[in-house]
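Trainee: We have chain A; now place chains B and C onto it with these hints.
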Amino acid sequence: MPSSNIQLDDMGRLRHFLGIEGLSQAILTEILDTAESFTSVADRTIKKVPILRGITVANLFFEASTRTRSTFELAEQRLSADILSLNLSTSATVKGESLLDTLQNLEAMQIDMFVIRHQDSGSAHFFAQHVRPGVAVLNAGDGQHEHPTQAMLDMYTIRHYKQDFDALRVAIVGDILHSRVARSQIHALNLLNTGEIRVIAPRTLMPVEAESLGVKVYEDLELGLRDVDVVIMLRLQKERMQGALLPSEKEYFRKFGLSQERLRLAKPDAIVMHPGPANRGVEIESGVMDGKQSVILQQVSFGISVRMAVMSMIASQSGLQSGGES
Amino acid sequence: MPSSNIQLDDMGRLRHFLGIEGLSQAILTEILDTAESFTSVADRTIKKVPILRGITVANLFFEASTRTRSTFELAEQRLSADILSLNLSTSATVKGESLLDTLQNLEAMQIDMFVIRHQDSGSAHFFAQHVRPGVAVLNAGDGQHEHPTQAMLDMYTIRHYKQDFDALRVAIVGDILHSRVARSQIHALNLLNTGEIRVIAPRTLMPVEAESLGVKVYEDLELGLRDVDVVIMLRLQKERMQGALLPSEKEYFRKFGLSQERLRLAKPDAIVMHPGPANRGVEIESGVMDGKQSVILQQVSFGISVRMAVMSMIASQSGLQSGGES
Amino acid sequence: MPSSNIQLDDMGRLRHFLGIEGLSQAILTEILDTAESFTSVADRTIKKVPILRGITVANLFFEASTRTRSTFELAEQRLSADILSLNLSTSATVKGESLLDTLQNLEAMQIDMFVIRHQDSGSAHFFAQHVRPGVAVLNAGDGQHEHPTQAMLDMYTIRHYKQDFDALRVAIVGDILHSRVARSQIHALNLLNTGEIRVIAPRTLMPVEAESLGVKVYEDLELGLRDVDVVIMLRLQKERMQGALLPSEKEYFRKFGLSQERLRLAKPDAIVMHPGPANRGVEIESGVMDGKQSVILQQVSFGISVRMAVMSMIASQSGLQSGGES
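Chains as they are written, first to last, in my numbering: chain A, 74 to 399; chain B, 74 to 399; chain C, 74 to 399.
The set of hints was computed from the structure by calculation and includes no laboratory data.
If you're wondering where the values come from, they're calculated on a predicted model, not measured in any experiment.
A couple of the hints might just be wrong.
In this list, chains with the same sequence are indistinguishable; a pair is considered to hold if it fits within one copy or across any two.
Simulated crosslink set (SDA-like; lysine to any residue; CA at most 25 Å straight-line) [as the list claims (entries may be wrong)]:
| id | residue 1 | residue 2 |
| --- | --- | --- |
| 1 | 121 | 183 |
| 2 | 311 | 160 |
| 3 | 121 | 390 |
| 4 | 340 | 365 |
| 5 | 365 | 173 |
| 6 | 289 | 342 |
| 7 | 121 | 150 |
| 8 | 311 | 174 |
| 9 | 311 | 177 |
| 10 | 365 | 177 |
| 11 | 121 | 391 |
| 12 | 311 | 355 |
| 13 | 365 | 171 |
| 14 | 235 | 265 |
| 15 | 365 | 174 |
| 16 | 340 | 266 |
| 17 | 235 | 363 |
| 18 | 121 | 156 |
| 19 | 365 | 203 |
| 20 | 121 | 158 |
| 21 | 121 | 157 |
| 22 | 365 | 199 |
| 23 | 311 | 293 |
| 24 | 311 | 332 |
| 25 | 365 | 207 |
Just chain A, same shape as in the assembly:
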């Protein structure tokens, strides 16, 4: 998978973090293990380490985000980085600069690490192709392509509650077609040798080549949920859909919403996940979201450790010098 090799250096170490595709099981496991080392016994992130001291991280959010952006900022603070956060969804394009111009100007400011969310698929790769050696790019979501730190915090959550992936049945439910989260999850679950990966969606929201991704395809939620260990619900990305792919929210819930009743089809100890923000009553019943099997808020917590892990692995690869004070 040559398009992703840019993520690794000659020794196979992480240089950028653009997508799960093209990475190895070893790298994914290293991320999970490193994240674990940032989590204390009380499931709380260790508060402050000097790993990124003297390193400047720029958060470039061309799309609105509260959860991902906040957990990246907190991870950076806990790694002692200098932080430049730009809400580019409004300000940047005011003066009509191209993405490459924006990148080059920020790079000239001696940014060491870019975290980028952008509405165009491939934008993070584009950044990585154009930065100079030693500067790292992390993908915080690019169009309908990948959202790899989200997938890794999901893997962390699954491993935390379920240990070995080999024996697990994992179902991903919802708008598979438009979801960068689902794409990254499927790659990660495959790399970690998950026993069985199921995707469940109405035909209009299912990619045509779905089976080729190494998953079992279901158009019936109740069939698909049977005996699974993990249920991952996707946000119904209303803003992403074009044309009339869906009849109505109510109808969607009736056919693809996760209710308490339907959840009983899964294993009794199945966990329920969601990348958030959830549409209560659309893809998931409130009672399920707040229920005993839900680990949705734990996912958010783990997100900080996982993002700390990825950034610290990249920093150690690139030999970024902690500047300290002169």
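Mentor: This is chains B and C only, laid out in the frame that chain A set:
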């Protein structure tokens, strides 16, 4: 007053800071004394103490604010906190999450302290009821309910210039009905045994149960100002008023605006206060605002020390561990 | 030039940084030398020095900015300042405060240094006239008046590549009439005894008194470019122009755009500069912007060191005490 007891722990120490109602004179005095310890001889806030090192404070502003938000951020910086500032007035509701979902997601990010401003009365209490033990909530203004740090910086200002509250006559002038600032001030002045508290407002902006708050009610500004030691002008909250409660700004100033001439009715050494931002020429004449008796800018300065005081008292109560570096 | 003397203290040291007009060659050279001391051999800014520790800097941007604002913030971080960044273009005027009220309220928050960008010419001077002794004001661009840190990073760039100013021919091309950048550059180039300063613009974008600024005036780009050492292109400030000063962008490029072909009229080793953001294909051809002679991105890098230099010179003048921790 059970609705406010949530603010205190079993030993009566401050756990949250939601409103003045339900607090004791002892707590208020402790806040004022602690704030004084953060102010150096030159009336400048002491610049940096490590009291909140390793503690993460999230500033959640669902309403626009420059003054309150900035002084909270500066107070947090001077206490060495890690800070996450979210302007939720625009970004948060984009994806349609409920307030409780927003809270729980942020809490999952291991925020130790929330500072919240929200347009709904009771929102800070709502937050405090739902956070887990050890997490603190500070009310930076909730609807028409309370704005307790504003009231405490006002009390600090009065004590700074006038010492004992017992002998003082304090007048609050303006839109009492809609003002969270006035509500908090009245509670605080009562708790501190202020000699006489007057509220002065047109009938349409006066709460019906005003006397029951322990105040003297005046509908005539000139009568109300006579011989007072402290004049607190309120901002005419145009955006809060619904319907035709007022004839015009000009007419309002003619009847309830504080002019130099009217100020002479108060004691010669009376001080003039305003929570800001003031509408010059509406509730207060420019000459009064910039005059010798005005302590309006001093209020802003004291606001930093008072906010530092409240946060440090809560931090010592909750046994928040300064994380340091591992 | 009495209007600018406010920038200097009795001993001629920098107290504010409002404009190049009224400064001396000695001060400009000190800024350039100080900036050089913040740049390491690899042309990278030294990452962190404690010069502004305990000092609070407020960035007040009443106009949108990515480049200037980001480099100011990075410079402040690298000097270890406490930073309060306010995007006032939207939030501040919501409640209708005057500029003086905004200033006084922020000053009451014990801000030590203000960085201000504002659409009104003279706004930075206005601030400097009203702050109390010991508080410094830096102009980050005021209307069509000056943008002095931009001019100083431009001088730094020229000196870096060309050493002595005496022997140089420098051409500034574009919307001279509306450009605060051009005004500041012309003052700086004159103070540094530049051999020859040319301004090149269509008549409608040329100030009437242009020659009186100590420059040679050209209305023909090809004549003006002949044998110059430095070409400074200005952004076509579309938003600043009122009425029909220009026929069309295409026509503008045809007559005043910098193409590869035209650049050959300059000396073979001439450098090309632009304050950014550039309009590719309007005032400058893409090939020139990305070409060997372009030092546009280096300008951005040098901007951090230059801003660090100005802030550290002011801090040492004013005897600002680094507060440290008590």
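Trainee: Against each hint, give a clear statement of whether it holds in the structure.
Mentor: Cross-check of the supplied hints:
no. : hint        : in the structure
1   : 121 <-> 183 : both (24 Å within a copy, 13 Å between copies)
2   : 311 <-> 160 : both (23 Å within a copy, 24 Å between copies)
3   : 121 <-> 390 : both (21 Å within a copy, 22 Å between copies)
4   : 340 <-> 365 : within (13 Å within a copy, 64 Å between copies)
5   : 365 <-> 173 : between (47 Å within a copy, 17 Å between copies)
6   : 289 <-> 342 : within (22 Å within a copy, 64 Å between copies)
7   : 121 <-> 150 : both (7 Å within a copy, 16 Å between copies)
8   : 311 <-> 174 : between (31 Å within a copy, 19 Å between copies)
9   : 311 <-> 177 : between (33 Å within a copy, 23 Å between copies)
10  : 365 <-> 177 : between (48 Å within a copy, 15 Å between copies)
11  : 121 <-> 391 : both (21 Å within a copy, 20 Å between copies)
12  : 311 <-> 355 : within (11 Å within a copy, 39 Å between copies)
13  : 365 <-> 171 : between (47 Å within a copy, 20 Å between copies)
14  : 235 <-> 265 : within (13 Å within a copy, 57 Å between copies)
15  : 365 <-> 174 : between (49 Å within a copy, 16 Å between copies)
16  : 340 <-> 266 : within (20 Å within a copy, 63 Å between copies)
17  : 235 <-> 363 : within (20 Å within a copy, 53 Å between copies)
18  : 121 <-> 156 : both (15 Å within a copy, 13 Å between copies)
19  : 365 <-> 203 : between (46 Å within a copy, 17 Å between copies)
20  : 121 <-> 158 : both (19 Å within a copy, 19 Å between copies)
21  : 121 <-> 157 : both (18 Å within a copy, 15 Å between copies)
22  : 365 <-> 199 : between (42 Å within a copy, 22 Å between copies)
23  : 311 <-> 293 : within (21 Å within a copy, 55 Å between copies)
24  : 311 <-> 332 : within (20 Å within a copy, 46 Å between copies)
25  : 365 <-> 207 : between (45 Å within a copy, 22 Å between copies)
Checked against the numbered hints above, the structure breaks none of them.
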